[in-house]
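Spelled out from the first residue to the last, the chains are:
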Amino acid sequence: MTTDTDLEAEIQRLLAEHDRIAEQGITVQRRDHLIVLGGEVESAQRRDEICKQITAHFPDVQITCDIGITRSQAPSEVEEIS
Amino acid sequence: MIRIAAVGDVHVDKDVVGRYRPALEELPDRADALLVAGDLTRHGTPDEARCFAKEFGALAVPVVVVLGNHDHQSDQQDQVTEVLTDAGITVLESSATVLEIRGHRLGIAGTKGFGGGFAGACASNFGEREMKDFVGTSERYAQALEAALNSVECDALVALTHYAPVPETLVGEPLEIYAFLGCYQLGRAIDAAPTALALHGHAHHGSERGRTPGGVPVRNVAHPVIKQAYNVYQLLSDEVDATLVTANKTGF
Numbered sequence: 001m002t003t004d005t006d007l008e009a010e011i012q013r014l015l016a017e018h019d020r021i022a023e024q025g026i027t028v029q030r031r032d033h034l035i036v037l038g039g040e041v042e043s044a045q046r047r048d049e050i051c052k053q054i055t056a057h058f059p060d061v062q063i064t065c066d067i068g069i070t071r072s073q074a075p076s077e078v079e080e081i082s
Numbered sequence: 001m002i003r004i005a006a007v008g009d010v011h012v013d014k015d016v017v018g019r020y021r022p023a024l025e026e027l028p029d030r031a032d033a034l035l036v037a038g039d040l041t042r043h044g045t046p047d048e049a050r051c052f053a054k055e056f057g058a059l060a061v062p063v064v065v066v067l068g069n070h071d072h073q074s075d076q077q078d079q080v081t082e083v084l085t086d087a088g089i090t091v092l093e094s095s096a097t098v099l100e101i102r103g104h105r106l107g108i109a110g111t112k113g114f115g116g117g118f119a120g121a122c123a124s125n126f127g128e129r130e131m132k133d134f135v136g137t138s139e140r141y142a143q144a145l146e147a148a149l150n151s152v153e154c155d156a157l158v159a160l161t162h163y164a165p166v167p168e169t170l171v172g173e174p175l176e177i178y179a180f181l182g183c184y185q186l187g188r189a190i191d192a193a194p195t196a197l198a199l200h201g202h203a204h205h206g207s208e209r210g211r212t213p214g215g216v217p218v219r220n221v222a223h224p225v226i227k228q229a230y231n232v233y234q235l236l237s238d239e240v241d242a243t244l245v246t247a248n249k250t251g252f
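Protein sequences appear in the order of chains F and U. Here UniProt numbering is used: position 8 in the first sequence is 8, and no number is missing along the way. Here UniProt numbering is used: position 20 in the second sequence is 20, and no number is missing along the way.
Just so you know, the hints here were simulated from the structure itself, not pulled from any lab data.
Each computed DMTMM-like pair below joins lysine to aspartate or glutamate, with the alpha-carbon atoms no more than 20 angstroms apart:
{"#": "1", "chain 1": "U", "residue 1": "K227", "chain 2": "U", "residue 2": "E55"}
{"#": "2", "chain 1": "U", "residue 1": "K14", "chain 2": "U", "residue 2": "E25"}
{"#": "3", "chain 1": "U", "residue 1": "K227", "chain 2": "F", "residue 2": "E79"}
{"#": "4", "chain 1": "U", "residue 1": "K227", "chain 2": "F", "residue 2": "D66"}
{"#": "5", "chain 1": "U", "residue 1": "K14", "chain 2": "F", "residue 2": "E49"}
{"#": "6", "chain 1": "U", "residue 1": "K14", "chain 2": "U", "residue 2": "E55"}
{"#": "7", "chain 1": "U", "residue 1": "K14", "chain 2": "U", "residue 2": "D47"}
{"#": "8", "chain 1": "F", "residue 1": "K52", "chain 2": "U", "residue 2": "D15"}
{"#": "9", "chain 1": "U", "residue 1": "K54", "chain 2": "U", "residue 2": "D15"}
{"#": "10", "chain 1": "U", "residue 1": "K54", "chain 2": "U", "residue 2": "D78"}
{"#": "11", "chain 1": "U", "residue 1": "K54", "chain 2": "U", "residue 2": "E25"}
{"#": "12", "chain 1": "U", "residue 1": "K54", "chain 2": "U", "residue 2": "E26"}
{"#": "13", "chain 1": "U", "residue 1": "K54", "chain 2": "U", "residue 2": "D86"}
{"#": "14", "chain 1": "U", "residue 1": "K227", "chain 2": "F", "residue 2": "E77"}
{"#": "15", "chain 1": "U", "residue 1": "K14", "chain 2": "F", "residue 2": "D48"}
{"#": "16", "chain 1": "F", "residue 1": "K52", "chain 2": "F", "residue 2": "D66"}
{"#": "17", "chain 1": "U", "residue 1": "K227", "chain 2": "F", "residue 2": "E80"}
{"#": "18", "chain 1": "U", "residue 1": "K227", "chain 2": "U", "residue 2": "E26"}
{"#": "19", "chain 1": "F", "residue 1": "K52", "chain 2": "F", "residue 2": "E8"}
{"#": "20", "chain 1": "U", "residue 1": "K54", "chain 2": "U", "residue 2": "D13"}
{"#": "21", "chain 1": "U", "residue 1": "K227", "chain 2": "U", "residue 2": "D13"}
{"#": "22", "chain 1": "U", "residue 1": "K14", "chain 2": "F", "residue 2": "D19"}
{"#": "23", "chain 1": "U", "residue 1": "K227", "chain 2": "U", "residue 2": "E168"}
{"#": "24", "chain 1": "U", "residue 1": "K227", "chain 2": "U", "residue 2": "D15"}
Computed from a predicted model, the values in this text were never measured in an experiment.
Put together the whole structure using the sequences plus the hints.
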C-alpha cells in the first residue's frame, strides 16, 4: 500500500522503471493538494506519457505538469577553455 | 586551436529522430569533433542505438561517445556498441582515441564511470559483499580511466565520462543522490593525467561548470543543463591568457 509519506518515492520509481517512460530527471514536489512535476524531456510524447501513467497508477492523486521539452537549437557561442 | 562540440543525455528513440539533425548538420562550421557523454538511448536497445546512429552518425566531423546507465538498461550494451561502431561512431569504454585536427592531436579517453559519492559522503569498501561490489565498481572504472588517459600522447587531452567526477557540477540536484551521480575517484583519475578538459552528463538538474581538486575544468553537458543541441569548447587557443581562471565566452 502506498502511504502519503512514500508517494513521491513511488512516483519517482514509476518514472524510472516504467518501460514507456524511463526518466530519472523528473522532479516530484508536493504542494497542498497536488503533486507538481518538473524537469525536461526530449519530446512532447514523453511528457504526455508521464502524466498518463501517473494518473493511471495513482488515480486519486492530482498532478500538475511543469515538464518542458529541452530545446535543440545550435549554439551561438563558444567557450574558451584555459 | 581545436573546437569540441559536446552534449550528453540525449536519450534518443524514434520520437527524437530529426530533432537534433538540423543543428548537427551545422557542426562542420562550428566544431572539429562531437563528443557525447552517455545516455545515448532510453533503454539501451539495439533499435534505439540505430535511432541514435541515424541522428548522430554520418556527420562531417568525428563522433566519439561513451555509454551511460540508460544504455545498460537492457543488458545489451555490447550490441549497442556494435551498432554504433558499424555506423562509424567511436565508442570509448576504458579506452582512448586520438584525432588529428589541423596539425594537432586531440586525445580523448572515456569511460561510463559509476557512482560512489564525494568527500564527506562517499561509500566505503567495507561491510557487505554488495557494498564492496558497489565501491569496487567505482574504483575499477576510475582506474581504467586513469590508465586510458595516460595511454595517449597528444596536444590536448579530454576525459569523457557519463558519471560526474566532481560535486560542483551536481549543484541543483538533491544532495541525497550525489552518491548515485558520480564519485571522487573519477576526479582523481582525471587529475592523474595532463587533462585539459573533463566532460560528463547524467546530472540533469546539475550545474554546468566545475573544477577537479587539481584544477582541471569540468563541464556537465547533460542536455537539460546546456539547453541546446551541443556546447562548443575551444582548446589550444593561440591567444589564451594563462592567468585567466574564469571561462571566457566569445562569439563564433
